[in-house]
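Please arrange chains B and C on chain A, whose structure you already have, making use of the hints.
Chain by chain, the residues:
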Amino acid sequence: MKSKTFEKHSYTFMLLGLMAVVLLFFTALKGGMMWKGDVWLGIAMQFPEYGVVTLGLMFCFICGKMDMSFMALGNFATIMAVMYMGAHADSPAGGVILVGIAIALGIAVVGGLINGLLVAYLDIPPVMATISMQLVWTGLSVALTNGNTVKGLPSLYTDIGHTYLLGFLPVPLLIFLVIFAVAWWLLQHTVYGEKLYMVGTNIKAAEFSAINTRRMVIGTYILCDVICCIGCLIMISTMASAKADYGTSYVMRCILILVLAGVLPDGGMGRIDNVLIAIVTIQIIATGVNMFPNLNTYYASLIWGALLLVVLVMSTRMSSGGFLRLRAKKAAKA
Amino acid sequence: MSEYLLQMTGIDKSFGGVHALDHVNFAIKPGKVMCLAGENGCGKSTLVKIISGVYTRDSGEVMFEGRAIEKITPADATRMGIQVIYQDLSIFPNLTVMENLAINSEITANRKIVNRKRWEQTAREALSKIGYEIDLHKKMGELSVADKQLVAICRALLFNAKLIIMDEPTTALTKKEVDALFKTVRQLRDSGIAIMFISHKTEEIFEISDDVCIMRNGKNVFLGETATLTKKDFTYYMTGREIEDDYFVPTNISKEPVLKVEHLTWRDKFHDVSFELRKGEILGITGLLGSGRTELALSLFGLGKVHSGTITLNGRPVKISSPIEAQRLRIGYVPEDRLTEGLCLRQPIADNIMLSSLKQLTRALGMIRHQELFEKSNEWVKTFSIATDDAHKHASTLSGGNQQKIVLSKWLNNDLDVLILNGPTVGVDIGAKQDIHALVHDLANKGLAVIIISDDLAEVVVNCNRVIVMKDGGIVGEMTGDRITEENILDIIR
Amino acid sequence: MNKAALKRMTRRTEFYMFIVLILLCVLVQIKSGGKLIAFPGIFTRLNVTVLRTMVVNGMFAMCSLVVMISGGFDLSFPAIAALSYSLTCTICLNNGWCQNSPVVGFLLAAAIGWVLGMLNGWIISNFKLNTMIVTLGTQTLFTGISMGLLALKEITSTLPNGFKTFGKLYILEGVDGKIRFTLSAMVIFLILLCAIVSFILNKTMFGRALYAIGGNEVSAERAGYNVKKVKFLLYSSVGALSGFVGMIRVCMESQSIPKAMVGREMTIIPAVILGGASIFGGEGTVFGTVVAVAIISLVSNSMLLLGIDTYWQQFFNGLVILVGVTVSALQAKRQKQ
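Protein chains in written order, with our numbering: chain A, 1 to 334; chain B, 1001 to 1494; chain C, 2001 to 2337.
No lab work stands behind these hints: they were computed from the structure. Hints are supplied without guarantee of correctness; some may be wrong.
A short, non-exhaustive set of chain A residues, derived as facing chain C with CB atoms under 7 Å [stated by the list, open to error]: (1) 136; (2) 146; (3) 168.
Selected chain B positions facing chain C (in silico; Cβ < 10 Å) [stated by the list, open to error]: (4) 1095; (5) 1141; (6) 1366.
The following residues of chain B were derived to be distant from chain A, with all beta-carbon distances above 12 Å [stated by the list, open to error]: (7) 1174; (8) 1278; (9) 1337; (10) 1379.
Using N, Cα and C, we set each Cβ at its ideal position, and we do this for glycine too.
Isolated chain A, as found in the complex (with noise of 0.2 Å):
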């Protein structure tokens, strides 16, 4: 029973091994500087930006699509947010600050729609549709901003990146944990996290067995850009402005990140807990590389980059067992 156990998480263990092997070379070349409680502050800082928004896109390389339109969203709901709030600079800023949250998640709902009607409706391959969907949103960003960087966001909500709850949970970090705990019971517990495995393994199978699947491609079009463009909301008030192409990295490294856990865009793959492992691993390779003053941040990409070849290369002499799902252990126990 044990080396099943062994057997079923072996991808988990996998990652938690690199996870292990990551902090060891920083604490070898480091020393203690590494276990320092600044540097973990730090990391709790600054991965949830990306983290929320590498949730939101788990769901749809779960339900087996692409999505490669999500920043480019996030920017524009964010912009158009953003202007809102500028131009209602007077009015007290707690209302105007809710307003201008409800008009960026209402846009990303539209965008999720549009994403998921050409995906479901006119049978558009994902990553087509969503690739002509991110020079839409950012054509737009950018002639309604004339690519400029859109400020004026009230200082409420600017704090609202850089607070410390109690002196050391950051704002952001706290959102990432709310939305990670969600979509966790919504993976886990839920009908719907039970159809969208089905639906991402085999879409015409679950068809066949009265599932609305165009509902569901919609729907979660629709989760992961909300999901995403709260990752972009928070990242406006750390950079205390918005912008047509803030964080366009970011697409390539949540797809990275994903891979990295297992969440293969095949679809039906990969655990959610795998993908928390993978974002902290992410996110501790730069930090660690910040804390060498002679190295710049793309030393963290070198890593990254050479990490997913690794571990591409070894999950191909792996079982398919390793992306079993958290779920399975769950039912086993009862």
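Okay, now just chains B and C, sitting in the frame of chain A:
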């Protein structure tokens, strides 16, 4: 020089601990059609792969044209004149017919530059071998399966083939196309080519073959002339047991029809189809490929179109626009293609079984009852004796028969009035086949209305109390009780 | 040309794209009052600019096209180009090479690209992994190497003279009012490359192998192609080509900026898809790709003439691609039925 083209004696092959081939003897003469028959997993494909050089045998002797052959690689096999036409035909749908015909020989000749003129010449030469004509510049993907098959045959002939192996070539063909194919096969045979024909359809084997080799569990249990075999012997050799046909006897037919279909039409697919179905009945719908039988079923399940006509369920006219609607109206459908339409292979057995009845497992806030999912599916695993020790294993770990049981239980977990089974035992071994038939009889006698769509006439005859025969999209005959025989159905179909 | 051939032609995406291009040309010509094509000289400031933008995009599109025909999806070619040209320029600068002739630089860039492409080829052909994910990994890795490990700097005014003068070769000069315009000699490279790629795709067994593998990889293997070898060759040559194209860009811009290529794949790949290549492989032509690139270049360069603010350029580019992609998807759907 021996009279045999290819002679294999005492062939052994193991994979890991599994003995796939156990002292198999095989021999084929030039100018003969040899059928290789057997249930799924009997070692047919392993044998073919050893002949074509994909696998290497563990032991045994191979003689080709009287010479002993030590080791065969795929390239050797081609040089010796062995050509395999796989079930998927190995064609390139995005290239033209001409390219499909010529590309293999161009590669073999190790050419680097494309010469359209030579390609066209090669292609014409290939077509002329069986006197077949087709537009060379058409894209392969636009051809019908039968045309694709003929192109594949022509391509094989370019290599001066002495032995052509055809893997289940009739699966996706209509009767007319099968006849045309057989004509070509005979033509090839008469020109001295040996043909190895892999099939599991009894009628076809008796129609086309001179010799037959029957395999079971990795051994060949019969090798000899087809003429010396009766159909009964054949079934015995195939399955290893005397099959007692357990005919369906309806005991519980309702007076009122539960489903009434009137003048149903889906343009270009089927037209003016009318029939009634009562509770407790098993209605067979048979017909050749392309007769509209599958499309009719899809329309009843909300996946097809209805241009005109009405469907009445329990006395009320209904519109079935989607599988969700069909499920609400208590109609279930077990699809034709288990792997692509029936199962999520990479997911656990339990989740597959409960896929269409997730509503039952929903509690507050859209949460799912995991425990119940597992328990319920375990009940089905027990009832159906699905061969697994753990319902958390992936559906892909099961054999075809057990997979089909999953798809069945997926629908039986719902309260149904009508259950439509499309090809319920395709690719299912004989034991599971009998289990499934017995279960369907039982369900019907408990008051379920069942439709079996199948081109396996024996299955229809044994399991149905009423049969509708379709041809070219229309109903051409209906028979009940003792009138249902294979001969009667064949008379109408042809 | 017989009827069947005509019918086949009208069913192709390229055919429609070509018509769209012609209509667009007519529209721009009329709207701008004859600024697109001059009579009798043909060349104007506008069409020369369009051609100029087409050079690098068109050549990169060829890289993307051949991979897509084989059923792959390459995200790494801009990163390969960036690493190759930045490294080449740095080496040339430090050694004082290429002051007169740029040839050594081009060879060096192609060689570096070739080595990088080999990594793609090795992983993809040996481990049968999703090409998009592998090239995402190599893209990240190569960007890390060029900007992290090697920390290659921007080279602008100190760029070796050989590159600068090479980039300033013109095959045509003209005057539009008081403004002088020039047609870069690099256009020749685009035409040459298109001809070569077209020849390889249609006239060599290697080219047919790409279509065959894109159509059905298993069949290609059975037919006797060494699929592993073909893929390795494909990705390594695309790497070499990317390095070469990157150098062309450096010459035309007279500067080498390592960051300039980031995200380029996201504008090139849609154009290739617009030109009729299928992301499922086996489809796509040089002609279609060039037409699509021409449409996009024309749209982005004639915005002002059509009375549209230049900031809307990206939006219209996106719209053109969205419409093109949707139409071809609908067409495929209809054909299936």
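Okay, the hints, checked on the actual structure:
no., hint, result
1, 136, "4 Å, holds"
2, 146, "5 Å, holds"
3, 168, "31 Å, violated"
4, 1095, "6 Å, holds"
5, 1141, "8 Å, holds"
6, 1366, "32 Å, violated"
7, 1174, "24 Å, holds"
8, 1278, "24 Å, holds"
9, 1337, "9 Å, violated"
10, 1379, "15 Å, holds"
In this structure, the earlier hints numbered 3, 6 and 9 are contradicted, and the remaining ones agree with it.
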